[in-house]
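Work out the full structure: start from the sequences and follow the hints.
Here is what each chain is made of, one letter per residue.
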Amino acid sequence: MLTIKNLYASIGEKEILKGLDLQVNAGEVHAIMGPNGTGKSTLASVIAGREKYVVTQGSVTFCGKNLFDFSIEERASEGIFMGFQYPVEIPGVSIANFMRTAVNEQRKYRGLDPMPIFEFQAMMEEKQKVVELTDKLAGRSVNEGFSGGEKKKNEIFQMAMLEPKLAILDETDSGLDIDALRIVANGVNKLKRPDNATVVITHYQRLLDYIIPDFVHIMYDGKIVKTGDKSLALELEEKGYDWIK
Amino acid sequence: MKFHCKIKNLNAYLLVLHNGIFDQKSIRHFAPPKGVEITPTIPPPCPPPAGDISTDRISAPAETGNFRIEIAPNTIVEKPLQLINIIDTAEPLDVIHTFEIVVGQGSSLSLIHCDESLNQVENTIQSNISIQLKSHSTLHYYNLQNINNHSTLNNETVVKQHEHSHLTSHTYTLNGKILNKHQTIDFSEEFANADVQGLYLLDKNQECLHRIRLNHNFSNGRSNQLFKGILDDSAKAFFEGHIFVAKDAQKTEAIQNNKNILLTDKANVQTHPFLEIYADDVKCSHGATIGQMDESALFYLRTRGISEKQAKTLLMYAFANDVVRNVHLESLREYLENIIKRRLNGENITCEDCVFSYEKHAINKKTYK
Numbered sequence: 001m002l003t004i005k006n007l008y009a010s011i012g013e014k015e016i017l018k019g020l021d022l023q024v025n026a027g028e029v030h031a032i033m034g035p036n037g038t039g040k041s042t043l044a045s046v047i048a049g050r051e052k053y054v055v056t057q058g059s060v061t062f063c064g065k066n067l068f069d070f071s072i073e074e075r076a077s078e079g080i081f082m083g084f085q086y087p088v089e090i091p092g093v094s095i096a097n098f099m100r101t102a103v104n105e106q107r108k109y110r111g112l113d114p115m116p117i118f119e120f121q122a123m124m125e126e127k128q129k130v131v132e133l134t135d136k137l138a139g140r141s142v143n144e145g146f147s148g149g150e151k152k153k154n155e156i157f158q159m160a161m162l163e164p165k166l167a168i169l170d171e172t173d174s175g176l177d178i179d180a181l182r183i184v185a186n187g188v189n190k191l192k193r194p195d196n197a198t199v200v201i202t203h204y205q206r207l208l209d210y211i212i213p214d215f216v217h218i219m220y221d222g223k224i225v226k227t228g229d230k231s232l233a234l235e236l237e238e239k240g241y242d243w244i245k
Numbered sequence: 001m002k003f004h005c006k007i008k009n010l011n012a013y014l015l016v017l018h019n020g021i022f023d024q025k026s027i028r029h030f031a032p033p034k035g036v037e038i039t040p041t042i043p044p045p046c047p048p049p050a051g052d053i054s055t056d057r058i059s060a061p062a063e064t065g066n067f068r069i070e071i072a073p074n075t076i077v078e079k080p081l082q083l084i085n086i087i088d089t090a091e092p093l094d095v096i097h098t099f100e101i102v103v104g105q106g107s108s109l110s111l112i113h114c115d116e117s118l119n120q121v122e123n124t125i126q127s128n129i130s131i132q133l134k135s136h137s138t139l140h141y142y143n144l145q146n147i148n149n150h151s152t153l154n155n156e157t158v159v160k161q162h163e164h165s166h167l168t169s170h171t172y173t174l175n176g177k178i179l180n181k182h183q184t185i186d187f188s189e190e191f192a193n194a195d196v197q198g199l200y201l202l203d204k205n206q207e208c209l210h211r212i213r214l215n216h217n218f219s220n221g222r223s224n225q226l227f228k229g230i231l232d233d234s235a236k237a238f239f240e241g242h243i244f245v246a247k248d249a250q251k252t253e254a255i256q257n258n259k260n261i262l263l264t265d266k267a268n269v270q271t272h273p274f275l276e277i278y279a280d281d282v283k284c285s286h287g288a289t290i291g292q293m294d295e296s297a298l299f300y301l302r303t304r305g306i307s308e309k310q311a312k313t314l315l316m317y318a319f320a321n322d323v324v325r326n327v328h329l330e331s332l333r334e335y336l337e338n339i340i341k342r343r344l345n346g347e348n349i350t351c352e353d354c355v356f357s358y359e360k361h362a363i364n365k366k367t368y369k
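Here the protein sequences line up with chains B and A, keeping their order. With the numbering used here, letter number 219 in the first sequence gets 219, and the count goes up by one each step, no holes. With the numbering used here, letter number 86 in the second sequence gets 86, and the count goes up by one each step, no holes.
Below 25 Å or equal to it, Euclidean Cα-Cα: the simulated DSS-like pairs (lysine-lysine) are:
id	chain 1	residue 1	chain 2	residue 2
1	A	K312	B	K108
2	B	K151	A	K312
3	B	K52	A	K312
4	A	K309	B	K52
Covered stretches of chain A (chain B as the covering partner; in silico rule of three or more C-beta atoms under 8 Å from a C-beta of chain B):
id	stretch
5	300 to 310
6	316 to 325
Computed list of chain B residues with no C-beta within reach of chain A, every gap over 12 Å:
id	residue
7	S10
8	T56
9	V60
10	S174
11	D177
12	N186
13	G228
Just so you know, these hints were derived from the structure itself, not from any lab. Ideal Cβ positions, reconstructed from N, Cα and C, are used throughout, including at glycine.
This is how it looks when you write it as structure tokens:
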């Protein structure tokens with residue numbers, strides 16, 4: 001599904017990704033771990049298409065297509081979803097309006113008619129249950145005045161609404177108490193299907209108690225330095241990051 | 001000629017100033033309800049309007065466009081009153097009109113004042129409005145400015161507020177060449193309350209000026225100013241907000257905000273907040289921002305599949321809606337939401353499908369002959 005080969009990316013003068021390789025197939029869950037400042041969030045941003053990062057070398061292929069041929073919004077419509085570490089507050093734009101616009105823009109891209117309003121409302125109600133959000137959500141402004149937990153639940157709710165092929169969740173566990181963590185992780189698990197894939201970026205092993213990865217990658221200084229199964233995360237928890245340096 | 005307002009379910013009493021003449025025949029469904037008195041007036045000679053007005057232009061007769069609306073004490077006027085000031089002459093026209101509104105003690109009124117032009121020539125419109133709010137009265141005053149790209153509008157509004165009176169004054173600037181609005185609001189007794197808001201959406205070479213003088217002369221007054229603007233192309237906006245708090249006007253609460261989004265390098269905003277405070281127990285604040293679109297919010301929206309253009313429209317709409325959501329008449333609010341969306345999508349909101357229309361063939365004959 002996603003093939004990254006020898007990827008280099010910079011912000012300004014600073015090179016952050018330094019020859020990263022990654023292969024993600026349908027039905028898989030990958031975890032990327034690593035200390036602060038090694039480029040985990042940069043990787044997510046580069047895949048999503050954030051313009052301040054410049055790719056200097058390497059390739060990213062998504063479902064057989066060159067990812068860099070697509071704009072930010074086209075990547076989303078091609079089936080890539082990014083869960084933000086810090087979801088952006090957008091006062092004045094209601095969640096319902098936001099999601100309806102997003103769903104219909106993606107449908108337009110795929111040559112489908114806009115979703116009928118009643119069908120959309122039913123979908124909103126159903127998907128909110130995935131992360132135990134209340135139905136008051138629809139009228140609220142996007143992330144405005146949300147607690148840390150609500151923001152992250154809202155990310156997973158959006159993922160449920162948009163049904164991506166590939167979800168990249170950047171530090172979805174940060175700032176969550178244990179109950180919110182469980183709800184968010186269960187949400188991700190409920191959305192798992194044989195034809196989609198998830199990449200979770202995290203600092204801590206505790207998220208992986210709930211979301212069981214097929215592969216754990218350790219990232220250090222702009223590339224993946226070690227890959228293993230879920231036991232690698234436990235080993236890392238025990239030994240700390242110094243061990244991989 | 002039939003006048004008809006397209007705002008759904010607004011169900012307003014309609015007053016029409018047609019080419020500067022108070023057109024009594026055009027009033028439909030309108031026998032003033034009990035307690036509402038509308039009388040033509042002859043105003044004292046007023047100073048010539050600002051700007052360069054050549055003498056060989058046609059002027060509407062000065063004595064025909066003026067009237068006084070008086071609401072008797074303890075009268076709640078259920079339906080809004082809508083004043084449509086419309087110009088459709090083939091030649092440029094200068095209109096000066098004066099109106100006076102007195103809202104009696106304990107009474108309330110909603111007034112929608114639309115400035116419209118159906119022609120495409122250089123009109124000049126001067127509105128002199130004086131408003132008196134007696135004690136415990138309420139006035140919701142909404143001014144919709146939508147004149148053609150060649151015309152100038154000068155609106156001079158003076159308000160006097162008695163104790164426990166409440167003013168809502170909203171100005172929506174949708175189109176025009178030069179739009180000047182001066183508002184002076186005097187709190188002449190205690191516990192007066194004023195919400196003065198505005199939204200200006202400008203493009204091309206349009207210019208808009210808001211000058212507000214809010215005089216807190218007595219204690220326990222509260223005022224809230226919120227003006228927001230979105231400027232495209234080479235548009236210009238000026239905001240001058242002056243809050244005056246007299247020595248004895250203790251416990252005053254006065255807030256002022258002016259926020260602007262510039263969409264191009266050529267668009268220009270000058271904002272001058274000014275607070276003049278002589279009392280020592282007050283809560284006053286002001287803020288002014290001029291900026292571009294929030295990049296991180298744009299990115300967030302786009303990662304969900306929303307195109308850049310749509311994302312910008314959503315953000316601008318949200319910015320504008322901060323003002324519009326305070327409109328208390330639901331039908332007017334929905335209407336404004338709709339035309340603002342269309343305006344932000346780059347549509348030119350023409351009068352025919354806008355606030356008001358009347359028999360099409362009449363327009364065609366008069367305007368495009």
